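Asker: Chain residues, written in single-letter form:
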Amino acid sequence: MNEFWSRYARNRSAVMGLGILVLVIFMAAIASLIFPDDPFRLAGIPLSVPGANGFFLGSDTLGRDVASGIAHGAKTSLLIGLVATFAAVFIGIIFGAFSGYYGGLVDDILMRITEIFQTIPSFVFAILLVAIMKPSIESIVIAITVVSWPGVARLVRGEFLSLKNREFVQACHTIGMSDMRIIVREILPNCLSPIIVVGSLMVATAILIESGLAFLGLGDPNIMSWGFQIGAGRTMLRSAWWVCTFPGIAILVTVLAINLVGEGLNDALNPRLREGN
Amino acid sequence: MSKSGKVFWHILRRLSQGVPIILAIVVLNFFLLNLAEGDAVDVLAGEAGSATPEYMAELRAKFGLDKPLPVQLLVYLKNVASLDLGYSFRHDMAVSELIIDRFWPTLLLMVTTIIIAIGFGIFLGLMAAVGLNTWKDSVISVFALITYATPLFWVGLMMIVVFSIHLGWFPTSGMETVAAFYEGWDRVVDIAHHLVLPTITLSLFYLALYTRMMRASMLEQYGQDYVVTARAKGLTERRITFVHVLRNALLPVVTMAGVQVGAMIGGSVIVESVFAWPGLGMLAFESLFARDLNLLLGIFLLSSVLVVVVNLTVDVIYSFLDPRIEVS
Chain A
1 MNEFWSRYAR NRSAVMGLGI LVLVIFMAAI ASLIFPDDPF RLAGIPLSVP GANGFFLGSD
61 TLGRDVASGI AHGAKTSLLI GLVATFAAVF IGIIFGAFSG YYGGLVDDIL MRITEIFQTI
121 PSFVFAILLV AIMKPSIESI VIAITVVSWP GVARLVRGEF LSLKNREFVQ ACHTIGMSDM
181 RIIVREILPN CLSPIIVVGS LMVATAILIE SGLAFLGLGD PNIMSWGFQI GAGRTMLRSA
241 WWVCTFPGIA ILVTVLAINL VGEGLNDALN PRLREGN
Chain B
1001 MSKSGKVFWH ILRRLSQGVP IILAIVVLNF FLLNLAEGDA VDVLAGEAGS ATPEYMAELR
1061 AKFGLDKPLP VQLLVYLKNV ASLDLGYSFR HDMAVSELII DRFWPTLLLM VTTIIIAIGF
1121 GIFLGLMAAV GLNTWKDSVI SVFALITYAT PLFWVGLMMI VVFSIHLGWF PTSGMETVAA
1181 FYEGWDRVVD IAHHLVLPTI TLSLFYLALY TRMMRASMLE QYGQDYVVTA RAKGLTERRI
1241 TFVHVLRNAL LPVVTMAGVQ VGAMIGGSVI VESVFAWPGL GMLAFESLFA RDLNLLLGIF
1301 LLSSVLVVVV NLTVDVIYSF LDPRIEVS
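For the record, the sequence lines run as chains A and B. Its first residue numbered 1, the first sequence is counted upward by one per residue in this note's numbering. Its first residue numbered 1001, the second sequence is counted upward by one per residue in this note's numbering.
No wet-lab data here; the hints were simulated from the structure. Careful, some of the hints might be misleading.
As the list claims (entries may be wrong) - Among the chain B residues that face chain A by a calculated CB cut under 7 Å, a handful are: (1) Leu1035; (2) Ala1149; (3) Pro1151; (4) Val1162; (5) Ile1165; (6) Ile1265; (7) Phe1300; (8) Ser1303.
Stated by the list, open to error - Stretches of chain A that chain B covers, calculated by requiring three or more beta carbons in the stretch to come under 8 Å of a beta carbon on chain B: (9) 112-123; (10) 210-217; (11) 233-246; (12) 254-267.
Small disclaimer: the values here were computed from a predicted structure and weren't measured. Cβ atoms here follow ideal geometry from the backbone N, Cα and C, with glycine treated the same way.
Same shape as in the complex, but just chain A (with noise of 0.2 Å):
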């Protein structure tokens, strides 16, 4: 563990990733502690300026205060986009691991049909999904998770396909091992540095999916979510530029976090990757 967060350490960006991921998660912890009334209550005078009227980052159209929702909107996003990530992780691992261990027809059958949705554009897909389903936090999360495991799928059997054959799963059929224990308890661990790189990376872009997804009003209608602050506040957009502005730096700096964290990750799992730098 120690070593693993000295060569962590060693890229400065990804702590400092990591440390405003942990403010952003501190804020949606006390969001409710801060803003304990509803975020879509009519707090005060609509369209204040960011500092007047008792409002940090100022109020809506509606009088909704922008700083309480980007707080609740925090929960919002990583809520959705951690659910989305481990589910889609789960589905791709499952793919991936029964194509690349049994292969053949198996593996036909599976890439054949993961190919499918991966040509599918995704972003349109979703949009077609939620809207399919009716938008809720539920459909939300399943239309990213729909779009998203294929990419884990084609990872984990890439790595399937190299491990099968190595000394230690062939052990592993000599002493008489089912083929379901070899895969979940023999191969899959070894192929988890990878897995966590992805799936850190696609936390990103399932917070980026759903943040577009509530900005074209496919949000749950009773969830505050930063992109549904965007697309609320972008008609007033002539008068009002702070509703848009600064549930979208939120976006932006959380996605940022993220990304730089699985780059750290992607350095501590993987040390041989960079040693050639």
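Following the hints, position chain B against chain A.
Answerer: This is chain B only, laid out in the frame that chain A set:
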């Protein structure tokens, strides 16, 4: 077999791989249509305001919606094959006609974006790789990192705040000043003027992507044996970079351009709805509000087919350009 014969068979083989993918997408489309609440008759009845159950049953029979699902699927396949994608009741037009109408603005936006993103991406990546670990490299890398993390719609809105509202340099929305009735060159200039902000917005993300890729690709090529040979021959660094390394580094970047087309269609939905650019993306955005599912599915189908076609084309061009690629 001759080289051109091999290429021909390769193209044929790739085409035959594209067909099942498109077929699968059409079938997927059909099931999504069925998954949605209500069918075309419900929509029609809703539009009409009132309809008796008998009339609705009659309509269902007329459209074949009372038939079993497999039969409906076959009918749907047949319709799609004859380019009949259904009817948009909101626009009172056939979906295929509507889509073709709105396809050209999107194509214009995407082609300019691809040219700008690839052009500048290659240039910036080259600069970063040549000046490795200098301030130039750092600035370019930080720029790429930030644009990579910025949501497109937010960039677009900020562009409007700065360049349209405060500076007044560019129009906020639309594709042309309709009221001015420009013709000929004036119209071209007017459209180009409207095109600037949407193109910059949509290119930024891909610019970041291509910059990072070009930098990595250049650095990878610098490590190859032929560079050592070139140095040993006494070639100047300049010549090595521009004649040898650059050429080889370009290949993977150009391939990625084909792969990214799908993502770019998604990006154009967002950018078009920010700038009210009258293309397919804007049409998709409108159809969301109008709950016009037929239209949304049509756009989805066309964009999927577009991705397959672009990937095929890139692949075919590639097999002509790069003799190392296995065609047998």
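Asker: Can you name, in rising order, the numbers of the hints this structure does not satisfy?
Answerer: 4
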